[in-house]
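Chemist: For reference, the chains in residue letters:
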Amino acid sequence: MLIFLIRRTLVLVITLLIVSVLAFLIPYAGEGDPARKILRARVNDPALDQSQVDALTKELGLDRPIYEQYFEWLGNTMTGDFGFSYTSRVPVSEMVAPALSVSISLALAALLLALVFALPLGIVAATRRGGKIDNVITFLSQSAVSAPEYWVGPVLVLIFAKHLGWLPSGGWSGLAYIVMPALALSLRPMGYFTQVTRAAMTEVLAAPYITAARSRGLSFPKTLARHGMRNSMLPVMTLFSFWFAGLLGGSVVIEVIFNIPGMGRLLYTSVLNNDVPVIQGGMMWILTLAVVINTITDLLYGVLNPAIRVTHG
Amino acid sequence: MANSTLTTPPTRKREPWHLSAPPSHRPNIFLATVRNLLHRHWTFEVGAALLLFVLLVLVLTPWIAPHDPANQDLANRLAGPSADHWLGTDHLGRDVLSRLMWGGRFSVTIAGITLVICVVSGTILGALAGRRGGWIDEVVMRTVDVLVCFPDVVIALFLIALFGTGYGTLIAALSIAGWTPFARLMRGLALEINAKEYIEAAEILGSPKWFILFRHVIPNALPPVAAMSFLRFGHKLITVGALSYLSLGVQPPDSDWGAMLLDAQPYMERAPWVGILPGAAIFITALSVTMIGQGLDVQKKRRTTARTTGPSGAPAEEPASRTAIEEGEAL
Chain A
1 MLIFLIRRTL VLVITLLIVS VLAFLIPYAG EGDPARKILR ARVNDPALDQ SQVDALTKEL
61 GLDRPIYEQY FEWLGNTMTG DFGFSYTSRV PVSEMVAPAL SVSISLALAA LLLALVFALP
121 LGIVAATRRG GKIDNVITFL SQSAVSAPEY WVGPVLVLIF AKHLGWLPSG GWSGLAYIVM
181 PALALSLRPM GYFTQVTRAA MTEVLAAPYI TAARSRGLSF PKTLARHGMR NSMLPVMTLF
241 SFWFAGLLGG SVVIEVIFNI PGMGRLLYTS VLNNDVPVIQ GGMMWILTLA VVINTITDLL
301 YGVLNPAIRV THG
Chain B
1 MANSTLTTPP TRKREPWHLS APPSHRPNIF LATVRNLLHR HWTFEVGAAL LLFVLLVLVL
61 TPWIAPHDPA NQDLANRLAG PSADHWLGTD HLGRDVLSRL MWGGRFSVTI AGITLVICVV
121 SGTILGALAG RRGGWIDEVV MRTVDVLVCF PDVVIALFLI ALFGTGYGTL IAALSIAGWT
181 PFARLMRGLA LEINAKEYIE AAEILGSPKW FILFRHVIPN ALPPVAAMSF LRFGHKLITV
241 GALSYLSLGV QPPDSDWGAM LLDAQPYMER APWVGILPGA AIFITALSVT MIGQGLDVQK
301 KRRTTARTTG PSGAPAEEPA SRTAIEEGEA L
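The listed protein sequences correspond, in order, to chains A and B. Each residue of the first sequence is one higher than the last, beginning at 1 in the UniProt record's numbering. Each residue of the second sequence is one higher than the last, beginning at 1 in the UniProt record's numbering.
Among the clues, some could well be false.
[What the hints assert, rightly or not] So the derived label-pair ranges between C-beta atoms look like this:
id	chain 1	residue 1	chain 2	residue 2	range
1	B	Arg77	A	Glu94	25 to 31 Å
2	A	Ala206	B	Phe30	29 to 35 Å
3	B	Arg77	A	Val116	50 to 56 Å
4	B	Pro266	A	Pro261	19 to 25 Å
5	B	Gly133	A	Val116	41 to 47 Å
6	A	Pro208	B	Asp254	54 to 60 Å
[Claimed, not checked] Covered by chain B, according to a simulated footprint, are these stretches of chain A (three or more residues, beta-carbon under 8 Å):
id	segment
7	72–84
8	96–104
9	117–124
10	150–157
11	179–185
12	257–270
[Unchecked claim] Pulled from the structure, derived: some chain B residues nowhere near chain A, Cβ distances all over 10 Å:
id	residue
13	Ile124
14	Phe214
15	Leu248
16	Met291
Worth flagging that the hints you see were computed from the coordinates, not collected in a lab. Because the structure is a prediction, the values reported are computed rather than measured. Note that the Cβ used here is the ideal one computed from N, Cα and C, for glycine as well.
My request is simple: use the sequences and hints to build the entire structure.
Modeler: The following block contains the structure:
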């Protein structure tokens, strides 16, 4: 366990170093003087005064060797200081924190919604394996998995916001605003959760301890609750946290469609505006979180399932 | 090629080894696959029919598309379905059906190219990790651990910030993390295959390592890898569409299904079909490959319990039994 932790921490550090080098290089990529690019993004004036460019170069220390600049940047980054946004002049950390909390609520809402539907469907499909109900559920889950959220979202808006007028079509200022984006976002994970629940449950139901429990006179629902659920939830849990990490920055399209001030939209607009400090800060945060969440999941998996602990080294 | 005589059935009349023609006795993986497709699962049948239809239309597009996809007819904007425009026209009076056909060629081709890159690199790296172990295994699998949790869209945004938009960036963005599920699956399969007798036999016969890898390990892992390829294809298609929808993927004047959806957004209320049809095209194509992939997976599971002999009655090299869904293709 300790070895596993040390190893994964090492991997995390190496990853972050690589990511940080790439993030640092963003303003240097492509042609042109980075100072000129930065200045252009700031003042939005195509005809730049060379003296201004030189002043900024001096101010930002862009004339120093690149590794020196990198280590200084990395030092600031470690303390959470990514500088100021070019466009809004607000510190990056003050932009990332609220965006992240919005994305976390959206991801949790979508994934919980997905679980609420997927668990019963997956269990029913597994207990009626090969039957009509199973086939219907299988087909539904395949459809859910194949439905692009940027298609479902606008269609939902058309129906519930434009025609019925029940829900707001975008924005983020209350519970009603979370319903449609969460629904659109939940479809694909819902399909995957259903399939994984079904597969895990099928396997568990074939296990000898289920037969043993049944032969002791335990009713089928009780067997399911006591033995089936506990043993089949591990893969679902893994998938849940995987999706959670993925949705933190990956729900870009839905956040753009519904105009939600989350992490995905922040990253997207910063890329469009070439707002380098925000891109750097956002990327570092999102990718760090993704790796950390995944490591914790793998760790928990080992704790909850002693059978695989050995192979995990 | 000496090892292929091993697979000669014991009941066969023995010929001098140098006269036997090895290729004909070798269980042919391709034939076996075709034969096995004859015992299909229903989702496979439906999915295959859908996919064949879509591919046929896309291949024949230059000949069957009713209009020039770029041909504007401003007097006839956002018109509903008619005899001339079966699926209506968009906000510039362009024929939606023709645009769907031409756009689909972009979407499907880009998803296909990235898929091939991911399958080939993932399979080879995973097989190497599983066969060789040691530091190769460590490096490959730790890389997988990290990359697997990076969302494709975030990688794409990162690359676009670095290199700008373009087809190269698009394909790279989808491939950087896209190979990892294949590597994970393949490594597990390779570990399983390592323990088989035919590997031991090949090793005793002194077959070179690369030969064992490409002749025994990878072919016997192909069915689950094929199933996963189909499942991943749907995922890639959706991601390509998402990036185009964000106007970061396919760039004008080219247009794909995602870009068509983006164009249609302002007119959703006035002309819903313009905003629904391209999404439906992505949905149907993704659904078809998902159904094929899962059909293959289910059938594969059934077969591993039933099958003891290969085609031509020879004891088969028993393929690995893991399936893509169990392996967490859901990722």
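Chemist: Does the segment 150–157 of chain A contain three or more residues whose Cβ lies closer than 8 Å to a Cβ of chain B?
Modeler: With 6 residues in contact (Cβ-Cβ under 8 Å with chain B), the coverage given for the segment 150–157 of chain A holds.
Chemist: Are there three or more residues in the segment 117–124 of chain A whose C-beta lies within less than 8 Å of some C-beta in chain B?
Modeler: violated (count 0)
Chemist: Indicate whether the distance between the beta carbons of glycine 133 of chain B and valine 116 of chain A respects the range 41 to 47 Å.
Modeler: Hint holds: Cβ distance 42 Å, inside 41 to 47 Å.
Chemist: Looking at methionine 291 of chain B again, its CB stays over 10 Å from all of chain A?
Modeler: Nearest chain A Cβ is 6 Å from methionine 291 of chain B, so the label is violated.
Chemist: Indicate whether the distance between the beta carbons of proline 266 of chain B and proline 261 of chain A respects the range 19 to 25 Å.
Modeler: 22 Å, holds
Chemist: Taking the beta carbons of proline 208 of chain A and aspartate 254 of chain B, is their distance inside 54 to 60 Å?
Modeler: Cβ of proline 208 of chain A to Cβ of aspartate 254 of chain B: about 58 Å, so the range 54 to 60 Å holds.
Chemist: Measuring Cβ to Cβ, find out whether isoleucine 124 of chain B lies farther than 10 Å from everything in chain A.
Modeler: Non-interface label on isoleucine 124 of chain B holds, nearest chain A Cβ at 22 Å vs cutoff 10 Å.
Chemist: Starting from the hint 50 to 56 Å, judge whether the C-beta atoms of arginine 77 of chain B and valine 116 of chain A obey it.
Modeler: Cβ of arginine 77 of chain B to Cβ of valine 116 of chain A: about 43 Å, so the range 50 to 56 Å is violated.
Chemist: Is the hinted range of 29 to 35 Å satisfied by the C-beta distance from alanine 206 of chain A to phenylalanine 30 of chain B?
Modeler: 33 Å, holds
Chemist: Is the Cβ of leucine 248 of chain B farther than 10 Å from every Cβ of chain A?
Modeler: It is violated; leucine 248 of chain B is separated from chain A by about 8 Å at its closest Cβ, not greater than 10 Å.
Chemist: Using the C-beta atoms of arginine 77 of chain B and glutamate 94 of chain A, is the stated range 25 to 31 Å upheld?
Modeler: 45 Å, violated
Chemist: Under 8 Å between beta-carbons, do enough residues of the segment 96–104 of chain A, three at least, approach chain B for the coverage claim to hold?
Modeler: violated (count 0)
The structure shown violates the earlier hints numbered 1, 3, 7, 8, 9, 11, 15 and 16.
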